[in-house]
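Peer 1: Two chains, two frames, a set of hints: combine them into the complex.
Okay, here's what each chain looks like letter by letter:
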Amino acid sequence: MSATILTPPATPRRVRRGPSADMLRLLMVLALILAIIVVGAVVTDRFMRPENFANVFEQATDLALVALGQSLTVLTGGIDLSVGSMISLLSVLTSGLIDGNSAMVLPVCLGILAGGTLLGVLNGCGVVWLRVHPLIVTLGMGAILQGVALLYTRAPIGSIPDGFDSLAYGRVAGISVGGAATALIFVLVAAFLRYTNTGRTIYAVGDDSQAARLLGMPVRRVILLVYGASGFFAAVTAIYLVSRFGSGQPYAGADYTLASVTPVVVGGIALSGGRGSIFGTLLGAYLLAILNDLLNFLHVPTQIQLVAEGLIIMAAVSIHVERGRRS
Amino acid sequence: MKSTRLVLCSILLCGTTPVAALAEGYQGAPRTELFNPALTSCIRDTSAFKKAGPYVIGFSNAGLGDSWRVVALDELKQGAQDHKDVIKKLIITDAGHDDAKQVSDVQDLVSQGVDLLIVSANTEKALDPVVTRAMKRGVPVIMLDRRISSDHFVTYINASDPEMGRLWAQWIVEKLHGKGNVVMLGGQAGSSPNENRMNPALEIFKQYPGIHILDTVYSDWSPVKAKQVMQAVIAKYGHSINAVWSAHGLQVPGSIEAFVEAGFKPGEIPMHTTADINGALQMAIKYKVPMLEVGDPPSQYRLAISVALKVLAGTPLPCVVTVNSQIAVTPGDETASIRGDLPITDLVVPNGAPDMLITNDLGPNYSPSTAHIDYPH
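Chains W and Y, in that order, give the protein sequences. Numbering that gives the first Met the number 0 applies: residue 0 is where the first sequence begins, and numbers increase by one. Numbering that gives the first Met the number 0 applies: residue 0 is where the second sequence begins, and numbers increase by one.
Chain Y extracted, bound-state conformation (with noise of 0.2 Å):
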């Protein structure tokens, strides 16, 4: 907490300069690891794909839709300037957000010859086929993010997306006292961190026959999007929402600002979940909305170039690799299941963007929007 208290101090000082990566939590092993009841974790065995450097690694990015995939590509960008002695070139793809132009774009990285493929996959299903290919011809594919569906690659990192879906809807369930109307709030539908984290926080509300799901909608990551499909949702049921499930936290600032132009006064808003943007935090304690946010750090991206240089080693790894979440809750809020690292008031950048990341790791100067990151290319 003393970290974070200079942080803070350091915050104030700075007056209305945005700056990120502040308030630091839990610190610790990857939590999803350290629980898992399994008796023994998958490790991949990637003796195979040993080879000398200095290496061209392919990244096939699903698309820069939204702020949190401009920061995390600024992130593997990093990462591959880190390792600048043995990274002779990273090639970047970007599809658009099109399926059929990210399996193109698979396939010409292939055919460019890359040692190794990093995929962000627009849609699990869309990309297994062409993965899997890859895969079959022997070039190693890192899943980042965003997986396809099989498991036709050698490792899969993120930040554990069932482990966030369950923490907010067993929240939410706890804090509704185990009866209530659930809004579920989603990002793009088909795409893995989506489905991952909805179809798990399901299982939980299924759990809980009181529990009634009112609607599900999807906002493409979009806070436009959101506030148009949730005015919708809040002209249909009004009042008797009592929590929005969201898959996200880009999406939230268009729902809270949904319900406030919906005539909902503060400390009327139902309970959100949220992940990342410093905007969602803002609104939270602007609006008294009761707040969970468990965090999925763009950083992931930095580490996957650390990963891919260990899968060209011919080192053992996971099948899937995590990145802690970081866990805050609003003051009071906290239920017998949720504890937060740290209060959502410690973590909020009150000054900052509101589309800013709180989770990202480059650094207090950064900035997506004036950011050059320099990398071999």
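With the rest of the complex left out, here is chain W (with noise of 0.2 Å):
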């Protein structure tokens, strides 16, 4: 960081109230967690079974990774509604470049990460130097980009070699090696958060934007950071459905644009930015994951799925806002 730029303070004035809010918060999505729990114990004994908390730990990947590129997007105050079109297409040319080649698996991955990283700061450049709202710039580059997928392909494309799908499935002592390792990466990204001066810029630049600019922090390259980070975690999303699905297809990312959105709100940090933790995040993915597995077990209906899960949303989310009122 150059001299000239004022160091941010160590724990600004709203974020040192913060912990204890953050922590609160994470205690009420582990309370829903719980209680999920407690009723699936009661009402079938297969639900207490490990191998289907392995499964949940697994399932809840896909989204908690998305939904990690996203919380910081949202920590800034923006949003980055470009990521479920950049998943299809990251997806679709992760499979199709592979096409069942194994030499080619690592190339095109750190390729497929690459770009994503780039189209992301791309989204960064739009929000800083066109001075548009995140959300008209990333829903432009969705457009864009589920378009060009469209034009690569029309229909699934590709395939993996053989253990590629190892990344999705793959188990060691019974846990999920992909939820392992997004586990991993939530803790790398908190302590990245907290430990560092950039890490702090990012709640700077959510709680006041403005006032962030006038301490001098580098405001510019931190909204280019998070859409990038926001790209690049798209990118491993993408990667990771390829090797859950075998193939890559042109509208896989079509529904994480705003589930995306969901465990980073369910998880407490706010839409106007600033606040929150990511860890919350996590649990919100793990949360909707053991929800979606408990109303299989009770053999509720879809519709009624998707009923249940909009009321979770809406009351985790009333309760975060009725907290924040308070703090």
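If you're looking for bench data, these hints aren't it; they were derived computationally from the structure. Quick caveat: nothing in here was measured; it's all calculated off a predicted structure. Beta carbons are placed, not taken as given, at the ideal position from N, Cα and C, and that holds for glycine. Fair warning: there could be bad hints in the mix.
[To be verified] The following label-pair restraints were derived from C-beta to C-beta distances: (1) L201/Y <-> A142/W: 29 to 39 Å; (2) K205/Y <-> V147/W: 42 to 52 Å; (3) E260/Y <-> V147/W: 23 to 33 Å.
Peer 2: Here you go:
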């Protein structure tokens, strides 16, 4: 960091109150997860089997990954509505370019990660230099990327070599490899946010970008970083989905655009930015996965599953909003 | 034909009451099996899956995205009800046409300890890894109407998709005398019924250099989307379109509507292929559209339960179980290769609902909007 740029305070005023408020939000999501587990345990003995929890841990992976990138943009007060289309495009490119050839796996995956990051940085450039609201910039980018995906292919394309699917389905000692790797990534990103100046600047920009700018913080650089990170995690999600589905599909990511926001808000990150913890996002993804699992065990029709999911989101968010007002 | 006439009389007597499953043409053994040129058939040994009942059967549905699938699910419930003495529970999950959810659904059904899993795969590649893993764990999986791309399952029940695709294509070729422009109106890209009808059809078209594929568009089996995509196609190619190869009947009414709204007079609308949907046949007659119907009967869902019980009894089974496709053509439009089992004018239910499936077997009073099928769950 340049000497002329003031270092942000280690714990900005409003963030100082943050940890306890954040902790309460996390506890609330945890309480909801525990409530679901209790209901599951009462209703059916098979729900409590370790294998079922291992499934849920694995099933939360894709949403957790894409929501991690989304969390970072939301923490700066922005949003990335291009992630769904980006996942679609990058997933068809991943399987289309690998096309069953194991020698292509590493170069293609590295290229996809770089490509996703670059597309994300382009989003960031739009936000910084065009001074257009992130919602508009990323919505436009999303439309372009979906179009490109459909130009590339209108049907599922390519295939993966044997063994590539263990990224999604692999288990070590009964624990999902992809799920464990995702949890580890969350820990690393959380440490980055807490212990580096750049990480703390992300919160400061979301809290009050004008103040951050006046304090000389590298606001533009931080915005490029978060959108780049969102693109990077969309690329990771795309590769993960190709591993889970065995091929890329031109609409593979369509549902993830808005779905990626759900764990973010359920986990307690304020849409206005500057407040919340990414562990809330991880717990939010686990909450949605275990809810889906419980409703399957209860044999609840999908239509009612959607209603239940909507109610949980509204309940969780209204509690967070209420707490936010009090603090 | 006698039974057909009787049924038609009953339609007239019923007036405007919608009735289904009426006309009967070919009632014999599956033609795909009889006409199979291979010297031997693939038969699956299921003795490893033999176990004592009563059974818990899981069904992972791709979704209920169109009226065909609503009727088909009722057929499955009826199948379970037919055998409620040996079926303790039929657990149904619905993925809402979301691959990610269906993969999770299959995992959840396996961890609920089902004795057998029936899967109708949203897309054939995406469900392949998870179904393959379920089979590896010893859970027998039956694919129903939508398969996975590999053959890691016990058996696949369907109305022969390649047969439908080829018959439609051959009919178009012969009607056009080998020369003309064809629009491919698909269903859901990547779903096995779409791919396994469209690819064999394209193989036929390729053999005729005079046949040009103008465009390939997808309707997601929806008449509304079909109308939108066909409006764009008609705006681009207009009267140079000579035939519309459609992968099912669900999207055909939307396509014909698009032609009508573009100013095509009755008799000018190019030939269409179709399956099952009453509305498509009604429009063929109303607007004088040459049409070939090759049925995809939803009764295959009812059959799936009997097949599941055979697997659990250890009975050997064909690797692919087909149900018959009814073949019907508009009068005067038969060709050298395509002879109808009955004319479309006999198959149509003139006063029936347009979204009625003329090929269901749930009885004359069945209506998907009012039916409540009881089943063990």
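Peer 1: Decide, hint by hint, whether the structure agrees.
Peer 2: These are the hints, each one checked on the structure:
1. In this structure the hint that L201/Y and A142/W lie 29 to 39 Å apart at CB holds, the actual value being about 30 Å.
2. For K205/Y and V147/W, the hinted distance range of 42 to 52 Å is not satisfied, since their beta carbons lie about 29 Å from each other.
3. Between E260/Y and V147/W the Cβ separation comes to about 31 Å, which falls inside the hinted range of 23 to 33 Å.
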